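Colleague: Single-letter residue listing:
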Amino acid sequence: MNNLDFSVVLQAWPYLWSGLVFSLALTAFAFVVGLVLGTCLALIQHFEVPVLGRLVRFYVALMRSIPLILVLFWFFFLVPIVLGHLGGSGRPVPIGATWTAFITFGLFEAAYYSEIIRVGLRAVNRGQFEACQALALSTFDTYRSVILPQVLRVASPIILSQTIILFQDTSLVYVLSLTDLLGAASKLAQLNGRLVEMYLLIAVVYLAISSAASQCVASLRKRYAIAGMRR
Amino acid sequence: MFAVLLEQTADGQRYIDWLVSGLGWTLALAFFGWWIAFAVGVIVGIGRTVQNRAIAALARLYVEIFRNIPVLVQMFLWYFVLPEILPVSLGNAIKQIPPPWGSFFPALVCLGLYTAARIAEQVRAGLEALPKGQVEAASALGLSGYLTYRHIVVPQALRLIIPSLTSEVMGIYKNTSVALTIGLMELTAQARQISEATFQTFTAFGAATLVYLALALIAYQGMALIDKAVRIPGTGPADDAVKPGATHAIQPIDSLPDAMEVVK
Numbered sequence: 001m002n003n004l005d006f007s008v009v010l011q012a013w014p015y016l017w018s019g020l021v022f023s024l025a026l027t028a029f030a031f032v033v034g035l036v037l038g039t040c041l042a043l044i045q046h047f048e049v050p051v052l053g054r055l056v057r058f059y060v061a062l063m064r065s066i067p068l069i070l071v072l073f074w075f076f077f078l079v080p081i082v083l084g085h086l087g088g089s090g091r092p093v094p095i096g097a098t099w100t101a102f103i104t105f106g107l108f109e110a111a112y113y114s115e116i117i118r119v120g121l122r123a124v125n126r127g128q129f130e131a132c133q134a135l136a137l138s139t140f141d142t143y144r145s146v147i148l149p150q151v152l153r154v155a156s157p158i159i160l161s162q163t164i165i166l167f168q169d170t171s172l173v174y175v176l177s178l179t180d181l182l183g184a185a186s187k188l189a190q191l192n193g194r195l196v197e198m199y200l201l202i203a204v205v206y207l208a209i210s211s212a213a214s215q216c217v218a219s220l221r222k223r224y225a226i227a228g229m230r231r
Numbered sequence: 001m002f003a004v005l006l007e008q009t010a011d012g013q014r015y016i017d018w019l020v021s022g023l024g025w026t027l028a029l030a031f032f033g034w035w036i037a038f039a040v041g042v043i044v045g046i047g048r049t050v051q052n053r054a055i056a057a058l059a060r061l062y063v064e065i066f067r068n069i070p071v072l073v074q075m076f077l078w079y080f081v082l083p084e085i086l087p088v089s090l091g092n093a094i095k096q097i098p099p100p101w102g103s104f105f106p107a108l109v110c111l112g113l114y115t116a117a118r119i120a121e122q123v124r125a126g127l128e129a130l131p132k133g134q135v136e137a138a139s140a141l142g143l144s145g146y147l148t149y150r151h152i153v154v155p156q157a158l159r160l161i162i163p164s165l166t167s168e169v170m171g172i173y174k175n176t177s178v179a180l181t182i183g184l185m186e187l188t189a190q191a192r193q194i195s196e197a198t199f200q201t202f203t204a205f206g207a208a209t210l211v212y213l214a215l216a217l218i219a220y221q222g223m224a225l226i227d228k229a230v231r232i233p234g235t236g237p238a239d240d241a242v243k244p245g246a247t248h249a250i251q252p253i254d255s256l257p258d259a260m261e262v263v264k
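Residue numbers (the numbering used here), protein chains in the order written: chain Z, 1 to 231; chain R, 1 to 264.
Read the hints as simulated data drawn from the structure, not as lab findings. Given the structure is predicted, the values throughout are model-derived calculations rather than measurements. Just so it is clear, CB atoms sit at the ideal spot from N, CA and C, and this is done for glycine as well. Please note that a few of the clues may not be correct.
Unchecked claim - Under the rule of at most 35 Å between Cα atoms (straight-line distance), these lysine-lysine pairs were calculated in the DSBU-like manner:
#	chain 1	residue 1	chain 2	residue 2
1	R	Lys132	R	Lys228
2	R	Lys228	Z	Lys187
3	R	Lys95	Z	Lys222
4	Z	Lys222	R	Lys132
Stated by the list, open to error - If you only want the chain Z side, here are some residues facing chain R, beta carbon under 7 Å, derived:
#	residue
5	Ser65
6	Leu70
7	Phe76
8	Phe77
9	Ile81
10	Leu83
11	Gly84
12	Leu86
13	Leu148
14	Pro149
15	Gln168
16	Ser171
17	Leu195
18	Ser210
19	Ser211
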């Protein structure tokens, strides 16, 4: 425990800050892309679209059964090849680790969000569908104006909890040598040898952000529950 | 496509032996980590529900800390930071542990205690879901607080939460891959090593993916069997109860026009 020196941390702060900004940007991007794409995936499964529904179910099961690190390795290897084919040249397009991380987290989180929304869709009271039918709403309007808003509201605490886990998972981009909060700390630790201070500091930063966020989710859950609906 | 796995490596083995050895580390980490997580998780989960404020606060603190720090950061804390902040002689003794075990033990402790925090929350939810009458009946029978937990509420709560523990089982075996960052050659690390040695990335990652899929299936089926065997009669899993509704929920839209035609 001798000679801990947290003054190095002060010097390192700008670099750590840029790492934290990267972590937050990755979280925000994956949240938006994951939620939009996840809703689409959930609806495809919900409507039991032929062929596509089965493919989506397999995709979701696959993403949920293999470790995120392996998914990152897969995408790091596959995305340039797929982009090459899409571009028509057939040659791999190097896109770099940053884009790989953004694409991977977006597609990976879509699987998790879609599962939450799919379960939410099943929980909607049948009367809601019948009422829409009685009002002669089209299927599109039924889902857009009546069903999905309810699902998103009911599922929002779980969606936000998943997003906190997502924020913590962004630290795994370390395996792609990216400079997120953890990556920044580990690069600095190698330079100045102050590994104990660095890792303890970022542990506290992650702890503060995640537990503040979970407190918010807990109070949201109380305030925005739909009266009479479970959870 | 998997033929390359049978080829000789530089060290006289076959590539598939690397994968098997990686699988061994993954399984060992997940299996022993799970029992640490389960034991600590049940104790902390009970701690969160007891009357004693100090114990409840300590249990809450444990959960907050271990759940809100990324598992990779915790891995680094156990591996890099712990030997430095312990007394020098003890810290040096830890650093002297020979290679695979020097990474294995920190990873084991890390995954065990991290997963324990998540299990503790499930146990607490299970305990709180029980009807109050159970505790009241136990106290009417003159059971002490300890005996009430030991014989009445904990056994029921554990049986209730088995479906939700499935996702923690899946979680711990997936998180074993994080141990590659501190140098443990588990399944994902071996897959990457094979891909670097052979340039057959698709084969190497594909084989690892199939193994993980198989593990997920085994974990899922195993937990379903356990759930079926110990489920409290009359408390069917919510999932099954909802499943018929899944198709029903969209049926009214399709079936209603028919019904209306009949009315006409």
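Colleague: All hints are to be evaluated individually against the structure, with a verdict given for each.
Modeller: Results of checking the hints against the structure:
A C-alpha spacing of about 25 Å is found between lysine 132 (chain R) and lysine 228 (chain R), which places the hinted pair at or below 35 Å, so the restraint holds. Note on lysine 228 (chain R) and lysine 187 (chain Z): the hinted pairing is violated, with a Cα-Cα distance of about 49 Å set against a maximum of 35 Å. A distance of roughly 48 Å separates the Cα atoms of lysine 95 (chain R) and lysine 222 (chain Z); the hinted pair therefore is violated under the 35 Å criterion. For the hint pairing lysine 222 (chain Z) with lysine 132 (chain R), the CA-to-CA distance comes to about 22 Å; that is within 35 Å, so the pair holds.
Look at serine 65 (chain Z): its Cβ gets to within about 3 Å of chain R, closer than 7 Å, so that hint holds up. The beta carbon of leucine 70 (chain Z) comes within 5 Å of a beta carbon in chain R, closer than 7 Å, and the hint placing it at the interface holds. This hint is violated: phenylalanine 76 (chain Z) has a C-beta 9 Å from the nearest C-beta of chain R, more than the 7 Å allowed. The beta carbon of phenylalanine 77 (chain Z) is positioned within 7 Å of a beta carbon in chain R (closest approach about 5 Å), and the interface hint is therefore held.
For isoleucine 81 (chain Z), the suggested interface contact is broken, since its CB lies about 9 Å from the closest CB of chain R, more than 7 Å. Because the closest C-beta pair between leucine 83 (chain Z) and chain R is about 16 Å apart, greater than 7 Å, the hint is violated. Hint on glycine 84 (chain Z) is violated. Least Cβ distance to chain R is approximately 15 Å, over the 7 Å limit. The criterion of a C-beta within 7 Å of any C-beta in chain R is not met by leucine 86 (chain Z), whose closest approach is roughly 18 Å, and the hint is violated.
At its closest, the beta carbon of leucine 148 (chain Z) sits 13 Å from a beta carbon of chain R; the interface hint therefore is violated under the 7 Å criterion. With a least beta-carbon distance of about 16 Å to chain R, the hint placing proline 149 (chain Z) at the interface is violated under the 7 Å criterion. The closest approach between the C-beta of glutamine 168 (chain Z) and any C-beta of chain R is roughly 4 Å, which is under the 7 Å cut-off, so the hint is satisfied. Hint status for serine 171 (chain Z): holds, given a least beta-carbon distance of 4 Å to chain R, under 7 Å.
Hint status for leucine 195 (chain Z): holds, given a least beta-carbon distance of 5 Å to chain R, under 7 Å. Look at serine 210 (chain Z): its Cβ gets to within about 4 Å of chain R, closer than 7 Å, so that hint holds up. Satisfaction of the interface hint for serine 211 (chain Z) is found here, the shortest Cβ-Cβ separation to chain R being roughly 5 Å, below the 7 Å cut-off.
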